[in-house]
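Colleague: Spelled out from the first residue to the last, the chains are:
There are 2 protein chains.
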Amino acid sequence: MQQSFFPVDPTAVHLSDPVFTARIESCHNTTIPSSVAKCRETGRIDSFRLAWREGMPKRPHIFWDSDFAKVLEGMALALAQNPGDKTLADELDSYVDLVISAQQPDGYLNTYFTQVEPDKRWSNIFEWHELYCAGHLMEAAVAHFRATGSRKFLDALCRYADCIATVFGTEPGKLHGYPGHEEIELALCKLADATGEKKYLDLAKYFIDERGKKPNFFLEEAERNKTWLDESGLRNRQAHIPVREQSDAVGHSVRALYLYIGMTDVAMRTGDASLLDACRKLFESVAEKRMYLIGGCGSTAIGEAFTTDYDLPNDTAYAESCASMAFAQFARRMADATGEAQYADAMELSLYNGCLSGISLEGDRFFYANMLTVDDASFLHGHVTAERQPWFDCSCCPTSYCRFLPQLGGFAWSQRSGELRCNIPAAGTVSCNGMQIRVTGGYPYNGNATFECLSSGTFTLSIRIPAWCRNWSAKLNGKTVEQQPENGYLSLSREWKAGDKLELALELAIDVVRANPRVTADAGKIALMHGPLVYALESIDNGPGVNALIVPADQTFSLGEAKGLAGVPAIIGEAWRETDVSNGELYFRNRKPAREKVRITAIPYALWQNRGKSELATWLRSN
Amino acid sequence: MQQSFFPVDPTAVHLSDPVFTARIESCHNTTIPSSVAKCRETGRIDSFRLAWREGMPKRPHIFWDSDFAKVLEGMALALAQNPGDKTLADELDSYVDLVISAQQPDGYLNTYFTQVEPDKRWSNIFEWHELYCAGHLMEAAVAHFRATGSRKFLDALCRYADCIATVFGTEPGKLHGYPGHEEIELALCKLADATGEKKYLDLAKYFIDERGKKPNFFLEEAERNKTWLDESGLRNRQAHIPVREQSDAVGHSVRALYLYIGMTDVAMRTGDASLLDACRKLFESVAEKRMYLIGGCGSTAIGEAFTTDYDLPNDTAYAESCASMAFAQFARRMADATGEAQYADAMELSLYNGCLSGISLEGDRFFYANMLTVDDASFLHGHVTAERQPWFDCSCCPTSYCRFLPQLGGFAWSQRSGELRCNIPAAGTVSCNGMQIRVTGGYPYNGNATFECLSSGTFTLSIRIPAWCRNWSAKLNGKTVEQQPENGYLSLSREWKAGDKLELALELAIDVVRANPRVTADAGKIALMHGPLVYALESIDNGPGVNALIVPADQTFSLGEAKGLAGVPAIIGEAWRETDVSNGELYFRNRKPAREKVRITAIPYALWQNRGKSELATWLRSN
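So the protein lines, in turn, are chains A and B. Position 247 of the first sequence, counted from 1, bears residue number 247 in my numbering, the numbering being contiguous throughout. Position 223 of the second sequence, counted from 1, bears residue number 223 in my numbering, the numbering being contiguous throughout.
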């Protein structure tokens, strides 16, 4: 196993690029405050006062703690990047005190079970979300510790983790269980990193090693609870076979991806090659067979789940926002663990498309599901909406953005001893282990990025050359770099001097993308991409019926602008629009529509539905 | 309101056509016996012995009684058509005695509640299936009475209906409720017809009139039961507004269509014009906006439900077999109630395609869901399978076929005083009210049908001229008929003599069908039809990748044969097959596949998956 990379702390990256920067700011200014307000309004904050009694309104729910924990994590991350925000610091501090006040003498910390069903602790691990909520609180506590240096939240969660370790484990008398909604595995790794306590890594490893073993814990639990559970239920929770034997990504997509992240984290920290090998296979299953072009995962709303290889319907796509964010994190871990750029390519795809599509530019409205085809006929139900919503009853996605967007800068860079690695050449500065770099340029809207060294020293600067890039060049202090990339990274090891400049030029072409012929939903269709950005047609620019437009593949597309999206390159081209010869009939025989030529304007998929209600076409009918 | 038509008793029709006849026979010989065996094996028959106790295997289920009732109805219908089948008669008789033996002193007859939850009678009308099971038992009892003349089963169900009438109604002290799964409304109309008792029609009318009124019964019930129910739950059960205000077909498709049938039945029997008007609107909503080309209903597995106008995805199509059978019955009622052929056109479409596709030619395997696109990527889950199954845990579809197929002949003909009306010119004989006709010909495989009068008398013979038929002609005793159809029927009123011959020639062309442009799923696609039959491509005839084949619309298709389907016209044509340039990648840029010309063979959709596992393409990628 090669030496792993690790993320650069997001507080060490300060972006000034045209895409991420505005999202980080809107998160700080809008997403976090509005999510705090929603948590207050819905009772999620008051739940920690432990004052709820049966018959009162706002009955706590089993996943509420996780939502508020994610907002707290986001507050801590935002505070770390904006240390002068005293209001934020004070607010966070008071919430942390509130959360800690809900901890029970034995370390247990869950407001649902403490208030609503105190006798049901740890009795339905499959369905209820105790370990999941615990994991998110741990992540919040670690972020709080890193942002403030205060150990109070961290120590509280260590006590909770210790309490959990008395309940779960291989020892007789303990539950041989593991989470029904994975997440705590990756959180325990963070807790181990923050505290230096190996026992938390051991507990994470236990949860991963035990999962899916026979006799199956969940089946035994279901028998105890007289609930019905079968193989497909186990698959939905990735508990049908031990994780090292799993090679197809199955079940609830967010649960699956959180598990895979935890597996990668444990593998990286323990040098467990068989575990990393399973992660490789599972990643391949997702990225090469079960992922939408936008980096979205989980094709069906039924169980919010992965389905089968190449089943990627556009109209009924679920592609949950949380799953995109989870996939980006999984890809990021894999890039760091293996050093291979293919994983960073996938991470970038998901970040710029499926992740950012889930939240409005203003930062206050969200998609839970990210369809690729939307029109008047779209079947909207539950979390599946054609317009972003301010909140959901199950509001995992909005609160995920609170903690995800502040980390965007951290995705751009990785590091290991003596090496700084650029995954995404977004403009900004990074400083890490004495190495300091400033990047300028307009990436991803254009492919030019200049890396200027702000410090001197001997280290390796490696820069990803994306797989989608057909032509690239680099000049170091004006001189062409002849070196070729290895594993997708151009790695320059030298004594860097402050003022050294590396000018990178990545060719960003407008590409016509096709899907594997086994993806029936995309047969006869093309998609348009410009570098890492997937483009799409909205009816706002193109009139109604965007999914019926015929876009010839063999034309010369050009860059232009779309109204209301100044500064964002649009793709301009031509298409055929068919006349409606249906006479209003649902089906009709032997009448062929005529065609007229029209101009089309495509915008980045992630930016759709930011200018009002609109139809959407991502995969375009072609010839 | 014009004078309604009524079905010709299916025992009065004896078919010898190339499609229905074999299905009726396989039902008698295979579907019914194998369903009886399954009912025995799973405990559905023994449940009527009332010997089950907690802890025993084969715990009765809330819908079990309905399954066995449907099989009994099928047995009675088959017996009526095969009165010499002594074994069937004896078996049926003993089962009827068994069922009657489970009736309680107060008339109540439900084996689940009697054995498993005796204190829960009528306590959850929304979710449990008491009234639904009662309705199917009533239908079985009526069929038994008509087949045997014995009143024992009928009288038992009258007692149960009387018992139900003491529980439900507008009077104080009664439940102001109505079924959570509609069906009893249409059954009560049959009971009223068989007994001449208006009180059963009144009870049916009560259930229909009360439905969806405010205050909402289901919401009140949910509050009593402390269960969660919202507007979308009410819509799933068509209980969100009173039925006369409903104009969009919503919710669980089988429930919806059973309701609409009951509404039509009540409207026909009471002359209720506002109710029939609602039926017209609901029919239009289904047939013109929410129905698959095969006559399948219910686009989503989520709630087994109708979705939105023009949302008709082919890969995730649910199109439950029971819904097709229900739609055919609804269309049949509407044709009879209004005399308009448009309804019979829709009935025929559903019969020959979506209804017959749900059962194998052998009669022993079933689709629950009828997808229009099937390949290796198909997402199979629960009842959604790519191959027909011998049974399902929730086995409504197999048992529906037991009672549906024996009625096929009855669909072909309607009657009213002095008029015999042919909806489908399938070969066979019909005799009704002294009128007797023999039809010869190969319909629907060809369009020639000769009607020969076997009796003499003055009456009207009316024959549907299908909307899909562009050219037709008729000769009466060799002389061209100049008369034109009215409301889609050619009606010849005269003194018929035995031996009179009417020769009908309907032009059956191979038609290229397109969908309304608002059906995004079918944009750029065509379907092939031959008369009323929808055709489809299987990989068995065309090799893998049938959904990616490009079938030019402007070619001359011809008729031929497909292997293993002798006597069935296949459609032969040409298509383009694309080369795979994916290199195994899920998505790829700027590579265009080449094309080669191939011959294609399409078979009737209803016959797919009768020659082994196969891919399926119904809507074909075109140019």
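Bear in mind the hints are in silico, worked out from the structure with no lab data behind them. Misleading hints may appear alongside valid ones.
Any copy will do: because identical chains look the same in the list, a pair fits if it lies in one copy or spans two.
Once the Cα atoms are required to be at most 25 Å apart in a straight line, the calculated BS3-like pairs of lysine-lysine come out as [claimed, not checked]:
id, residue 1, residue 2
1, Lys120, Lys563
2, Lys58, Lys226
3, Lys226, Lys120
Colleague: For the identical chains here, do Lys226 and Lys120 meet the 25 Å Cα criterion within one copy, between copies, both, or neither?
Modeller: both (15 Å within a copy, 20 Å between copies)
Colleague: I want to check one pair: Lys58 and Lys226. Are their C-alpha atoms no more than 25 Å apart within a copy, between two copies, both, or neither?
Modeller: between (29 Å within a copy, 16 Å between copies)
Colleague: State whether the alpha carbon distance between Lys120 and Lys563 is at most 25 Å within one copy, between copies, both, or neither.
Modeller: For Lys120 and Lys563, neither the intra-copy (56 Å) nor the inter-copy (62 Å) Cα distance is at most 25 Å.
Going down the numbered hints, you'll see the structure goes against just number 1.
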